[in-house]
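Protein chains: 2
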Amino acid sequence: MRIIVKNVTLVDGLTVKEDHDLYIKDGVIACISPCISPIKVNSDDIEESHVVQIIDGAGKIAFPGFVNAHTHLSMVLFRGLADDLPLKEWLEKEIWPIEKNLKPQEVYWFALLGIAEMIRSGTTAFADMYFYMDEVARAVEESGMRALLACGIIAESYDAHGRKEIETARNLIVDWHGKANGRINVALAPHAPYTCGCEILEKTRDIAVSAGVMIHTHLSETADEVKRSYADLGMSPVKYLASLDLFSVPILAAHCVHVNEEDIALLAEHNVMVVHNPTSNAKLASGIAPVMQMKAVGVNVALGTDGAASNNNLDMLEEMRLATLLQKVTTKDPTTIPAIEALRMATCSGATAIGIGELAGTLTVGKRADIVLMDIDKVNMLPSYDYISDLVYAANSQAITDVIVDGQIVMERGNLTTIDEERVKAKARELSVGYRK
Amino acid sequence: MRIIVKNVTLVDGLTVKEDHDLYIKDGVIACISPCISPIKVNSDDIEESHVVQIIDGAGKIAFPGFVNAHTHLSMVLFRGLADDLPLKEWLEKEIWPIEKNLKPQEVYWFALLGIAEMIRSGTTAFADMYFYMDEVARAVEESGMRALLACGIIAESYDAHGRKEIETARNLIVDWHGKANGRINVALAPHAPYTCGCEILEKTRDIAVSAGVMIHTHLSETADEVKRSYADLGMSPVKYLASLDLFSVPILAAHCVHVNEEDIALLAEHNVMVVHNPTSNAKLASGIAPVMQMKAVGVNVALGTDGAASNNNLDMLEEMRLATLLQKVTTKDPTTIPAIEALRMATCSGATAIGIGELAGTLTVGKRADIVLMDIDKVNMLPSYDYISDLVYAANSQAITDVIVDGQIVMERGNLTTIDEERVKAKARELSVGYRK
Chain Y
389 MRIIVKNVTL
399 VDGLTVKEDH
409 DLYIKDGVIA
419 CISPCISPIK
429 VNSDDIEESH
439 VVQIIDGAGK
449 IAFPGFVNAH
459 THLSMVLFRG
469 LADDLPLKEW
479 LEKEIWPIEK
489 NLKPQEVYWF
499 ALLGIAEMIR
509 SGTTAFADMY
519 FYMDEVARAV
529 EESGMRALLA
539 CGIIAESYDA
549 HGRKEIETAR
559 NLIVDWHGKA
569 NGRINVALAP
579 HAPYTCGCEI
589 LEKTRDIAVS
599 AGVMIHTHLS
609 ETADEVKRSY
619 ADLGMSPVKY
629 LASLDLFSVP
639 ILAAHCVHVN
649 EEDIALLAEH
659 NVMVVHNPTS
669 NAKLASGIAP
679 VMQMKAVGVN
689 VALGTDGAAS
699 NNNLDMLEEM
709 RLATLLQKVT
719 TKDPTTIPAI
729 EALRMATCSG
739 ATAIGIGELA
749 GTLTVGKRAD
759 IVLMDIDKVN
769 MLPSYDYISD
779 LVYAANSQAI
789 TDVIVDGQIV
799 MERGNLTTID
809 EERVKAKARE
819 LSVGYRK
Chain S
389 MRIIVKNVTL
399 VDGLTVKEDH
409 DLYIKDGVIA
419 CISPCISPIK
429 VNSDDIEESH
439 VVQIIDGAGK
449 IAFPGFVNAH
459 THLSMVLFRG
469 LADDLPLKEW
479 LEKEIWPIEK
489 NLKPQEVYWF
499 ALLGIAEMIR
509 SGTTAFADMY
519 FYMDEVARAV
529 EESGMRALLA
539 CGIIAESYDA
549 HGRKEIETAR
559 NLIVDWHGKA
569 NGRINVALAP
579 HAPYTCGCEI
589 LEKTRDIAVS
599 AGVMIHTHLS
609 ETADEVKRSY
619 ADLGMSPVKY
629 LASLDLFSVP
639 ILAAHCVHVN
649 EEDIALLAEH
659 NVMVVHNPTS
669 NAKLASGIAP
679 VMQMKAVGVN
689 VALGTDGAAS
699 NNNLDMLEEM
709 RLATLLQKVT
719 TKDPTTIPAI
729 EALRMATCSG
739 ATAIGIGELA
749 GTLTVGKRAD
759 IVLMDIDKVN
769 MLPSYDYISD
779 LVYAANSQAI
789 TDVIVDGQIV
799 MERGNLTTID
809 EERVKAKARE
819 LSVGYRK
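Chains as they are written, first to last, in our numbering: chain Y, 389 to 825; chain S, 389 to 825.
Everything labelled a hint here was simulated from the structure, so no lab data went into it. Hints are not guaranteed to be accurate.
Same chains, same names: a pair is fine if it fits in one copy or spans any two.
What the hints assert, rightly or not - Listed below are the simulated BS3-like cross-link pairs for lysine-lysine, each with C-alpha atoms no more than 25 Å apart in a straight line:
no. : residue 1 : residue 2
1   : K481      : K825
2   : K755      : K394
3   : K491      : K627
Bear in mind the structure is a predicted one, so any value in this text is a computation, not a measurement.
I would like the entire structure built from these sequences, with the hints used as guidance.
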């Protein structure tokens with residue numbers, strides 16, 4: 389498919405270009421120019437004439453699709469099921485018991501529901517860690533989304549259970565890494581330093597090295613986790629992972645709320661990709677990650693929603709806004725994370741974090757076309773003096789009209805094109821009945 | 389107009405009632421019942437048969453319209469004009485110089501724009517403090533909104549300027565208090581203890597007493613303000629206002645970010661109505677108000693957006709969510725401000741704060757009909773286990789379909805009925821051109 393977006397204002401973490409045309413060919417941003425003619429575009433192609441779809445971008449901004457760098461997608465099934473509880477009680481009494489009986493088809497349908505929600509709120513790529521990940525991969529493939537997928541591994545040692553966990557995770561790499569026209573990558577996901585024995589952590593490191601994949605894990609999410617790490621291991625979770633050489637592999641570390649100066653230096657030294665999840669960390673009262681300290685020493689900090697059970701949505705516009713508000717108020721400096729920096733965290737930093745920085749995250753000729761169009765002629769966004777401010781501080785997802793992933797239009801004028809939304813909603817209602825209290 | 393909302397789920401700070409009908413007659417909630425027949429309703433009326441409008445509430449929740457208890461409505465004109473700046477620089481270099489040349493017609497058109505935004509995001513009443521308030525009153529009257537309006541008074545002493553400020557404020561009471569079928573009330577608004585001399589503060593107190601109106605002011609917004617108050621007056625701003633007997637009048641105090649234990653005791657003792665503005669306080673890095681400490685001693689804490697120049701929207705769904713997230717993370721207790729308590733702050737506490745607690749804030753028979761309908765069959769709100777959680781933690785304003793104020797439908801199936809939205813947007817674009825940098 390070839391697409392020209394006409395007369396749109398391009399906004400990304402690098403620059404703003406008013407009233408430009410954007411040409412997409414074979415999934416790639418082929419040209420950005422003040423005026424691109426559909427006739428000219430076709431005549432360039434000697435072999436054959438192609439249909440070029442024209443999208444009117446007047447009154448709209450185009451920005452790189454958001455990268456939701458840490459979520460547990462199918463947990464949308466548990467949205468609103470258990471709120472306002474302490475983390476331990478929430479996990480042990482509410483979430484883990486019902487997750488034990490989770491069925492593959494539930495993971496599939498709620499992955500589709502979550503993808504529909506993400507597309508509607510401008511996300512074009514995400515990093516996921518959960519169970520039955522083949523089902524999630526299937527949903528990603530069908531929906532046209534881009535994702536870094538991983539089976540969450542929880543195992544004390546490399547016993548029968550541990551081997552099974554590792555085997556499942558390894559199979560996902562074999563079956564899905566690089567698939568769906570390269571839209572799907574696979575990572576290995578030891579759940580956290582406190583839920584995996586060191587043998588398991590080392591095993592994942594070795595497999596990651598040999599398979600050439602990333603590691604995705606939770607790290608230093610709560611004060612209690614860090615306290616127990618010092619009690620059990622005599623060091624912080626960050627230092628522990630460093631000591632096991634986990635950081636020799638490209639690694640995506642979610643949370644990093646409770647990290648000290650030494651930890652932060654280690655994260656920077658080893659180029660660990662940190663994912664800040666401001667809503668989830670606030671809702672569970674885990675804390676506010678020291679984003680500014682990490683960024684100050686060069687750590688790449690991306691943004692994520694975490695699972696919808698602790699958020700309770702997958703809206704990256706909200707994460708972007710909350711990230712800058714929380715840092716401003718905790719540092720007592722309103723210049724902290726200006727709008728453009730918040731946008732970068734949600735786009736190019738996210739793309740870098742999940743290993744697709746060369747492919748996505750900015751509106752750059754040669755990159756894959758992961759693009760969102762937003763109608764800014766809305767009562768909550770007028771008048772418009774600064775497009776990036778509008779997007780970061782004023783917008784909500786209502787204004788998003790079209791979403792393109794890898795050159796394919798997955799939402800067109802408010803309608804999802806790859807997902808049968810009514811069917812997915814009906815399935816969500818049907819499959820959730822048994823979970824009602 | 390008579391309206392029956394059929395088969396809707398009623399949600400307020402008191403209770404949840406699934407699948408009920410709600411009957412509105414003469415602007416009042418006349419009946420709530422599992423089944424109300426339009427024929428029965430008409431035959432009850434001996435004098436004449438009335439047209440009854442039926443709204444299908446299936447798949448929707450109805451909740452009391454939000455009360456935005458502190459804003460500067462027409463500042464939507466400055467949305468996104470100057471972000472990421474320290475408060476002093478923002479006010480003195482950006483906002484005050486342009487406000488000096490503000491024109492009445494700008495205040496009128498941007499009040500309409502702001503009201504359109506508030507209706508679309510479920511707000512049915514607001515407390516405003518600004519200039520050219522006749523223009524705002526006109527916009528409120530025309531749009532069908534409910535409001536507590538006040539001219540902001542800034543004056544060192546009761547000199548020519550001070551007298552003019554007081555006179556303008558007093559005229560607003562004469563012209564508008566109790567008008568528009570009681571939808572408009574007027575307050576007196578000495579801007580802040582640090583921008584008004586004590587003579588002015590005492591004058592507003594006396595006029596408020598004799599006219600029977602509320603006072604609306606800013607109080608203890610920044611650490612610097614409190615520091616200067618101790619330096620200049622030897623006491624905190626709260627204690628200063630108490631010493632001037634300002635709290636003998638019903639008073640709406642915006643912010644109260646930097647209040648100590650003694651201040652909080654004074655606020656409770658004098659039943660001061662506090663308005664928490666979480667987004668604005670975070671964006672300007674002013675701080676996080678000690679909401680839990682104030683609530684613990686019985687202070688009524690409402691929510692506000694503040695002006696859009698420091699927010700940058702007027703969306704109470706966002707304020708509600710941020711209020712609970714900020715308190716959870718600062719108290720390190722995820723049970724703090726559970727969803728229902730956040731909803732109360734945005735509805736009944738807000739109504740109480742702006743002096744309309746008897747009229748609005750809950751879905752109660754006999755109260756005025758200020759009601760919002762939300763379609764919860766959305767991908768970002770499914771599945772639905774807990775309607776209040778859905779509303780507080782997952783929803784965005786996109787799901788709002790119908791808004792009723794004082795028994796009048798001001799938004800019907802997504803269309804504003806009292807405001808010519810395209811004209812207001814065109815005016816907003818036209819009048820903002822001169823402010824572009």
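Find the hints from earlier in the document that the structure breaks and name them by number, from lowest to highest.
-> 3
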